[in-house]
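Visitor: Please work from the sequences and hints to get the whole structure.
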Amino acid sequence: MTALLRLEDVSLGYRGRPVLEHVSFGVEGGEFAALLGPNGAGKTTLFRGMLGLIPVFTGRVEYGFNRRTQPPGYVPQKESLDPIFPLTAYEVVLMGAAARVPPFWPVGRHQRRLATDCLARVGLADAAEQPFWALSGGQKQRALIARALAVQPQLLLLDEPTAGVDPGAEAAIIDAIARLNRDEGLTVIIVSHHMRLVREVVRSVIWVEAGAATKGTTAEMLSSERLVEAFGAGATRPL
Amino acid sequence: MLSADFLLRNALIGSVVVGLVCPLVGVYFVLRRMIFLGVALPQLSAAGVAFAFLLKSMAGAHQHGEAAERALALVGSLGFAFVGLVVLAALERRGRETLEARIGIAYAFAAAASILFVSADPYGEAEMTHLLRGDIVTTTPSSLRLLVGVLGAVALVLLALRKELLLVSFDRDMAVVLGKRAALWDTLLYLLIGVTISFGVMTAGPLVTFGFLVVPPLAARLMTRHMLAFSIVAAVFGAVTAFAGFFVAYRFDLPLGPTDVALASTGLVVVVALRGLVGVARVGRIRR
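Protein sequence lines correspond, in order, to chains W and Z.
Going by my numbering, 107 is the number at position 107 of the first sequence; the sequence numbering is gapless.
Going by my numbering, 228 is the number at position 228 of the second sequence; the sequence numbering is gapless.
Since the hints were derived computationally from the structure, they do not count as laboratory data.
Keep in mind that the hints are not guaranteed to be accurate.
[What the hints assert, rightly or not] Chain Z is faced by these chain W residues, among others (derived, beta-carbon under 7 Å):
| # | residue |
| --- | --- |
| 1 | V61 |
| 2 | F65 |
| 3 | R68 |
| 4 | F85 |
| 5 | F104 |
[As the list claims (entries may be wrong)] So these bits of chain W aren't anywhere near chain Z, every CB distance computed over 12 Å:
| # | residue |
| --- | --- |
| 6 | R48 |
| 7 | T58 |
| 8 | R67 |
| 9 | T69 |
| 10 | S80 |
| 11 | R109 |
| 12 | Q111 |
| 13 | W133 |
| 14 | R147 |
| 15 | D159 |
| 16 | D166 |
| 17 | V201 |
Glycine included, each C-beta is placed from N, C-alpha and C at the ideal position.
Guide: So this is what it looks like as structure tokens:
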């Protein structure tokens, strides 16, 4: 398999101060990986570095696809968006569908159909005309996943998609993402601190801690010994 | 008032055009939560006009005719508005102070600079009174053509590029991930804001410009659920208010600027009250 995303000896941080150094790993096509680690370890820094939202100090981030013609799908935390914007769920998804429409060109029928299809894929067809901010936390997150899918990406990156949603919605979101990976072969990287939820579905884990990031299989990276080492004796209890 | 022989026809059309286009720009002030920039930038633009007149006085030129005077004022107004926007954007990138602090400082500086420039200019007070009060009544056919042409172009660009401007305003990170040059789109938006404010200040004065930038979008926000409807309702609200304000000011011999702002604010209060009543009625229906 070919790597869809490869980091080679990458250092990342803010204002010239590195948070993570000498990070090297690759994510293969069709892989479902979780980005895990203690709070403040640098998960968000690595996530933003992979998306190209912060510059790398040293090393290289390489994509196995043309980022310009086929950008990655990005799902932010819903709290990062401002509720002042008067947008329906459909209009939010249309932003993704219109990603490749050049400036001055109107959004066409093809993009509108794509937005409608993507809403249906995440089970929100009936909520299309609902104001985005009137949706429940879980529905908002699924609308943002639909927006990312509307970009028609090969790689989907999600920033804590289950944060601030009720347990039923958490399971539905993880299930929807797992289905996209399993049935459509979409490569997925998910940031989470919900280990119990993601360990059942992901095949690999990128563990971020103490200024470094290491990648391995879920069994290796989430072994009891490793969790005790990271979080102390209570960590082996279901999280 | 709508007849071709109406003496103040140019002023009426100019007023409605400012009322129509300022809210289209103001929509982004409201959505980006930078409403107070709407008061700081017109003030900076006014300081630019005062500075241009001061330079003209210092150079010893006083009789250049109305067109040259307007052109000079426009250069000063645009220059100060753009420099202000660039400085505010640069400070935003550094991100050390809050947005309110940056805008507050810009406003205080602009207000003080306007007074100082006018007091240092022996001819300043008379010239500035004309321009800063937004002497729309003196709008000539040529200045009206320029106003309609420039603000019309601003409205068309805002409409044609609304998907890009919306994406960058709503989710900047997503825009960057999709390969959009967010800083470039911000610059374009600031350019459109600067041009609109400069022409608004030159035509109607800083008070009316601020009023039309902010009040119609705030009212429209309460009435709409879609982005396009938000922009259209804000623009229509501004244009209707400008027309009604002109009528009331003409009929009752009132100053136009304050009449426009008072009418727009009354309209906003009515919308808030109606929305409250609709909310109460809805709750009552649900309880029954």
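Visitor: State for each hint whether it applies.
Guide: Results for each hint:
1. V61: This interface hint is violated because 13 Å lies over the 7 Å limit.
2. F65: Result: violated, 13 Å to nearest chain Z Cβ.
3. R68: holds, 6 Å
4. F85: holds, 5 Å
5. F104: Hint on F104(W): holds, closest Cβ of chain Z at ~5 Å, below 7 Å.
6. R48: violated, 8 Å
7. T58: holds, 21 Å
8. R67: Per Cβ check, R67(W) is inside 12 Å of chain Z; nearest 7 Å; violated.
9. T69: violated, 9 Å
10. S80: violated, 8 Å
11. R109: Its Cβ never comes within 12 Å of chain Z, the nearest being 15 Å, so this holds.
12. Q111: For Q111(W), whose nearest Cβ neighbour in chain Z is about 10 Å away, the distance does not exceed 12 Å, so it is violated.
13. W133: violated, 10 Å
14. R147: violated, 8 Å
15. D159: violated, 9 Å
16. D166: holds, 23 Å
17. V201: holds, 24 Å
In this structure, the hints that do not hold are numbers 1, 2, 6, 8, 9, 10, 12, 13, 14, 15, in rising order.
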